[in-house]
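Kindly generate the complete structure, drawing on both the sequences and the hints.
In order, the protein sequences belong to chains A and B.
Position 5 of the first sequence, counting from 1, maps to 5 under full-length UniProt numbering, and the rest follow consecutively.
Position 85 of the second sequence, counting from 1, maps to 85 under full-length UniProt numbering, and the rest follow consecutively.
Hint data in this document are derived by calculation from the structure and do not stem from the laboratory.
Check each hint, because a few of them may be wrong.
Heads up, incomplete: computed chain B residues facing chain A, CB under 8 Å, no partners named [said to hold, decoys possible]:
#, residue
1, Lys-163
2, Asp-216
3, Phe-218
Where a beta carbon is used, it is the ideal one built from N, C-alpha and C, also for glycine.
Listed below are the residues making up each chain.
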Amino acid sequence: MERSSGAGDEPIAVMNEGGPWGGRGDDSDGGGGKGPLGPRNPWSQPPRKRPEGARGPAGPSAIDELLRKGRERFGGNLPQGNGKPVWIWGVVVLLAVWLLLTGIHRIEPGERGVITRLGRYAGTFQPGMQMSFPAPIDKVSIVPVETIRSTQIGSAAPDAQNLMVTGDQNIIDLAYAVRWNIRDPERYLFELEDPDGTVQQVAESAMRAEIAKVTLNDAIGPQRSQIEAMVAQRMQEILDSYRSGIAVRGVAINQADPPAAVMDAFKEVSAAQQDAQSYMNGARAYAQQLREKAAGESAAFDRVYAQYRLAPEVTRRRMYYETMERVLAKTDKTIVEAPGVQSYLPLTQLPKGAAK
Amino acid sequence: MLLFSTVAIVPETKQALIVRLGRPVPGVYNAYKPNEDYGRTGAGLIFRIPFVDTIEWVDKRVLDFDMDRQSVLSTDQLRLEVDAYARYRIVDPLRMFTTARTERRVSEALRPILGSSLRNELGRRTFAALLSPERGQLMDNIQVRLNRVARQYGAEIVDVRIKRADLPDGTPLTSAFERMRGARQQEALTLRAQGMREAQVTRADADADAARVYADAFNKDPAFYDFYRAMQSYRTTFGTDDANPRGSSNVILSPDNEYLKQFKGQN
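Written out as structure tokens, the structure is:
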């Protein structure tokens with residue numbers, strides 16, 4: 001790695017950095033002052049290229065500073081002209097910066113770095129610090145493989161509707177989200193022109209195909225989770241057939257409602273359900289009451305009857321008199337002794353005397 | 001400068017074609033082959049003669065195009081708005097270049113064909129069949145038909161799929177809503193009626209149960225029950241067992257009354 005990178009860099013570095021110009025430019029600045037220099041103007045053009053080559057605008061200025069310091073310290077001592085060593089130093093430092101910036105990659109956990117060497121796939125970096133050839137040779141595309149992304153289709157907002165036709169030719173308003181991640185970073189990069197858009201289109205297609213198989217009531221209610229699973233499975237099959245490198249993690253139906261236009265009718269149904277329930281509740285209460293009453297009365301009869309059987313005649317008499325007492329005690333009574341004659345009796349004394 | 005105009009980098013995602021003074025050179029760099037491994041493809045450096053060769057790039061990836069919304073009439077005269085998409089790949093870049101030049105033109109050439117074959121295929125079925133899982137066969141037919149045209153452009157159809165199949169706005173949608181509404185109203189009526197029926201049955205069951213319980217108890221001695229019940233009845237009727245009696249009673253007794261037999265001092 002070290003050896004080949006050194007060998008590979010040199011010519012390109014010289015070309016890109018415009019080393020000789022850069023060196024001379026520094027020289028003239030330091031030595032000749034900053035006044036406008038007529039003949040040197042053409043030379044001031046090339047150094048502008050440097051930031052581009054060095055991949056960082058900070059590079060050159062820091063290097064300028066370093067060079068100036070170096071010159072101040074050693075310049076006097078060096079017997080030969082200070083031009084040549086300085087630009088060599090400059091090139092070396094630039095090379096180092098460039099190598100550092102484009103040859104070392106930090107791959108975070110959950111990411112992979114796909115390396116292409118002169119366009120050709122050359123391996124995948126696992127997480128960690130990784131080294132590659134510098135920029136024009138190797139290109140590293142970092143792909144977050146573990147991050148789970150979410151593609152939202154339809155929205156749960158009340159004004160936005162995503163209508164679909166169900167198997168029983170009703171219409172449903174559906175909003176759902178697909179969670180997915182990248183299983184195979186190379187395929188993700190190399191196989192599809194628009195992987196994200198593909199996920200969306202495949203999701204729509206798969207959901208509609210599944211919804212077309214079920215009835216409206218099933219889609220709204222009990223089969224939701226089944227539909228979610230079926231859509232996820234179908235999506236995975238389609239995406240695999242495209243060699244997309246995408247893994248579907250799950251489909252979640254956020255909303256499955258009848259369309260707003262018929263919502264009232266659906267509410268009417270649930271109102272009817274409530275009504276039916278309340279009819280039933282009333283009937284159950286009535287039934288309960290009636291049964292308890294019957295049980296109570298028959299139990300009471302049984303008790304009395306048991307006693308009656310022990311002494312039928314006396315019990316019967318006693319009950320008769322007690323009842324008469326209570327009935328007649330509270331009523332106005334008239335005893336007709338003979339036709340045409342009426343006598344008014346005192347209210348309370350009569351029953352007492354009669355009870356004996 | 002010379003170096004850069006001599007070599008070019010072919011990425012994994014592209015196929016390259018060299019056109020020498022306007023004539024395509026046979027042979028495609030990094031041509032698509034099914035199931036090849038990355039890294040062993042033709043991607044990498046290629047050389048060309050400066051100023052004489054130009055490189056034409058052709059996408060190697062799966063491309064897609066969306067069809068414009070089509071209005072389809074089923075055999076039972078129901079209208080359906082259909083959205084479909086197709087995915088394809090350029091498998092013969094040379095042919096593609098000579099017939100269409102760019103991928104975009106291929107898409108544009110295939111789009112109306114997808115539209116018309118979709119209309120033809122769907123128009124031969126009933127509305128219910130469009131929604132049924134039988135759609136798979138239908139899509140295969142369309143794909144075959146589209147593929148025949150795509151081959152002429154050096155492309156291969158990977159997949160054709162209906163994305164959406166909706167009722168058009170306006171009358172069809174409104175009448176569908178109307179039908180749904182009617183069905184729901186009917187359901188609501190049915191639910192209420194069922195509730196009533198069940199309530200009635202529940203009440204009747206309870207009545208029957210109570211009757212049975214009473215009969216079981218009272219049948220032990222009908223004569224005594226008669227007496228016992230009469231006594232209860234008197235108390236209730238004459239208001240003595242009632243917390244707030246309704247109306248007052250006025251009793252006229254004949255001396256022959258059973259109750260008054262001791263009153264007369266007979267016996």
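Q) Of the hints stated earlier, which fail here? A) none
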